[in-house]
Amino acid sequence: MIELRDVTVEYRGRRVLDGVDLSVARGERVALIGPNGAGKSTLLRTVTGVLRPSRGTATLAGEPLDRLDRTAVARRVAVVPQQASIPFATTVEEVVGLGRLPHEDPFRGPRPADRAAIAAAIDRVGVGHLIGRDARELSLGERQLVLIALAVAQGAPVVVLDEPTVHLDLRHQVETMELLVDLNERDGATILAVLHDLRLAAHFFPRLVLLDRGVAVADGTPAEVLSPERIRAVFGVDPAVVRLGA
Amino acid sequence: MAALGEALAQPRSLTPPAPARRRPFALAAAGLGALLVALVAGVGFGTVAVAPGDTLAILGQRLFALDVARTWSPATETIVWDLRLPRVLTAMIVGLGLAVAGATFQGLLRNPLADPYVLGTASGAALGAAIAVLIPVRVLVLEFGLLHGLAFLGALAAVLTVYRLSRIGGMAPLTSLLLTGYAVGSLLAAGLAMAMHLSGAALRQIFAYLLGSFDAASWGRLAGAAPLIVLASLLVVGRARSLNGLLLGEETATHLGVDVPRERAILLALGSLITAAAVAVSGLIGFVGLVVPHVVRLLVGPNARLVVPLSALFGASLMAVADLAARLLGEIPVGVVTAVIGAPFFLVLLRRTRTGYEL
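One line per chain: the protein sequences are A and B, in this order. All letters in the first sequence, in the order written, are residues 1 to 246 by our numbering. All letters in the second sequence, in the order written, are residues 1 to 359 by our numbering.
Just so you know, not all the hints are guaranteed correct.
[As the list claims (entries may be wrong)] Computed footprint of chain A on chain B; a stretch qualifies when at least three of its residues, placed anywhere within it, have a C-beta under 8 Å from a C-beta of chain A:
#1 233 to 245
#2 250 to 261
#3 297 to 307
[As the list claims (entries may be wrong)] So, partial list: chain A residues that the calculated Cβ filter (under 8 Å) puts toward chain B:
#4 48
#5 71
#6 74
#7 85
#8 90
#9 91
#10 101
#11 102
#12 104
#13 107
Simulated from the structure, these hints should not be mistaken for lab results. Remember, it's a predicted structure, so these values are computed and weren't measured experimentally. All C-beta atoms in this analysis are idealised placements derived from N, C-alpha and C, irrespective of residue type, glycine included.
Make a model of the complete structure from these sequences and hints.
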């Protein structure tokens, strides 16, 4: 679904990604880890076509990204942002409904199929009890679920998340992770998530990709990627700090 | 105990606030009704009162060639058709335009305090008008004088300058637009102050423009401004999808399939054209463009597909009513009326939406 070949991205004169190769197959669940400034968010922005590689190629579902327009990209990949600020009172249902924008007719607006997809996404993520609420008054955990429901309503085969658990307490972190696993295993969504918490990544993701200073230094199972030597070398901390279950 | 802990931990769930959502079709019908009432009242009331029946009959006869028995004098017909109707319609078109432009700028800039004048259009138009007053040349093209022309061009030039300047430097585009708009607006306001200082006897004329008025409305000027305002407003309605995408921010809009830089430029251009056309015929009239979209959003939610057309309807009615009030109160500036109606209303709105606005 996602193919990056020798991708180099420069941002304001700085090389943020340097010759990264990444191949994510349909139905995979991959966590992107690495220290701050390693280029994780840049990689996500490249996969979603926001940033163009200065070298190398990026393809999404078999199409080179630079040949897809924004709507075509939005039909292939849904992005769950960390948080979203909303300037006007907006109900949860209205927020989730925004997921249908890439499918909407620009003049006629949402059709019955869109409404059905919105209802299904609300049901799937389990935010039915929130639909009439103002999205700005929700707790951060509830907001995160609503943003995931928006991505589900978008109906794209790939879902990309940028640190989905960063503002959440432990219970909501685990619930969010379980939802992602469920979307991946039951609905077949291909999931690529940037995660800071190595324990969550190792526990809920079968494949980790470790970025360090713009280079993908390891790619494999949690046990392969998170060796004590590598944790020391890349994160600069005592590996005992990250005591992994397995 | 556990239940109490739970309740304390989630105080929000105790008072679930549900934003009200009313039926858009009922509101559209109400808006059309208000528009018709405003039209008949606006044409009927004045120093010479015309009965509503006569007003409707004259309109029916002129517009739809209805065969109605004449119960009115030719003078009445002149008042209705040549004086009051163009004025009421101009007020409606300007109100429509300012409300649509306000909804556009609020959505585009994601800022509830944005109004049609936020990016320098007002100062640009005012300075243009002031310069026109100072230039001792009188030209008239299709009933448009130098003042209308320079106000229109001044508004557009100001926005264009703001847009160009905002693209220099590394700030986020929206912040940059707002701050540049403020800076350019301040500079133009200084120019306006200088022009007013130099104007001498013409000061009153500049001042009248700043307060806004429809007393110079005519069919010719209406015919010049209306197509531009209506067409640009329709194009904004056609881009409702982009405005909706921008609700969650520019980055999310991009991920929802909106080509943000392109849509930002188009919406900015449309909103500015509407505003420039409106201020050219009527001068600067505040609050309609700020308040009307907010009221509509409170009723139907933030969906631009509903907000833009309904704002157009209610903006038109409100402006016609405000102009009628201004006339009945002895030709006071209509901007005073809209401020007197709009400002307290806006305060009430802000208080009612208590979690209100993230700025």
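Hints and how they fare:
Counting residues of the region 233 to 245 of chain B whose C-beta sits closer than 8 Å to any C-beta of chain A gives 6, which meets the bar of three, so the coverage hint holds. Counting residues of the region 250 to 261 of chain B whose beta carbon lies closer than 8 Å to any beta carbon of chain A gives 8, which meets the minimum of three for the stated coverage. Counting residues of the region 297 to 307 of chain B whose C-beta lies closer than 8 Å to any C-beta of chain A gives 6; at least three are required, and the coverage claim holds. Interface restraint check for residue 48 of chain A: the shortest CB-CB distance to chain B comes to about 6 Å, inside 8 Å, so the restraint holds.
A distance limit of 8 Å between C-beta atoms decides the matter here; for residue 71 of chain A the minimum to chain B is near 4 Å, and the interface restraint holds. For residue 74 of chain A, the suggested interface contact is upheld, since its CB lies about 3 Å from the closest CB of chain B, less than 8 Å. Interface restraint check for residue 85 of chain A: the shortest CB-CB distance to chain B comes to about 6 Å, inside 8 Å, so the restraint holds. Evaluation of the residue 90 of chain A hint against chain B yields a held restraint, the C-beta minimum of about 5 Å falling below 8 Å.
Given hint, residue 91 of chain A at the interface with chain B, holds; its Cβ is 6 Å from that chain's nearest Cβ, closer than 8 Å. Among the interface hints, the one on residue 101 of chain A holds; its C-beta lies about 4 Å from the nearest C-beta in chain B, closer than the 8 Å criterion. The criterion of a C-beta within 8 Å of any C-beta in chain B is met by residue 102 of chain A, whose closest approach is roughly 4 Å, and the hint holds. Among the interface hints, the one on residue 104 of chain A holds; its C-beta lies about 6 Å from the nearest C-beta in chain B, closer than the 8 Å criterion.
The beta carbon of residue 107 of chain A is positioned within 8 Å of a beta carbon in chain B (closest approach about 6 Å), and the interface hint is therefore held.
No hint from the list above goes unmet by this structure.
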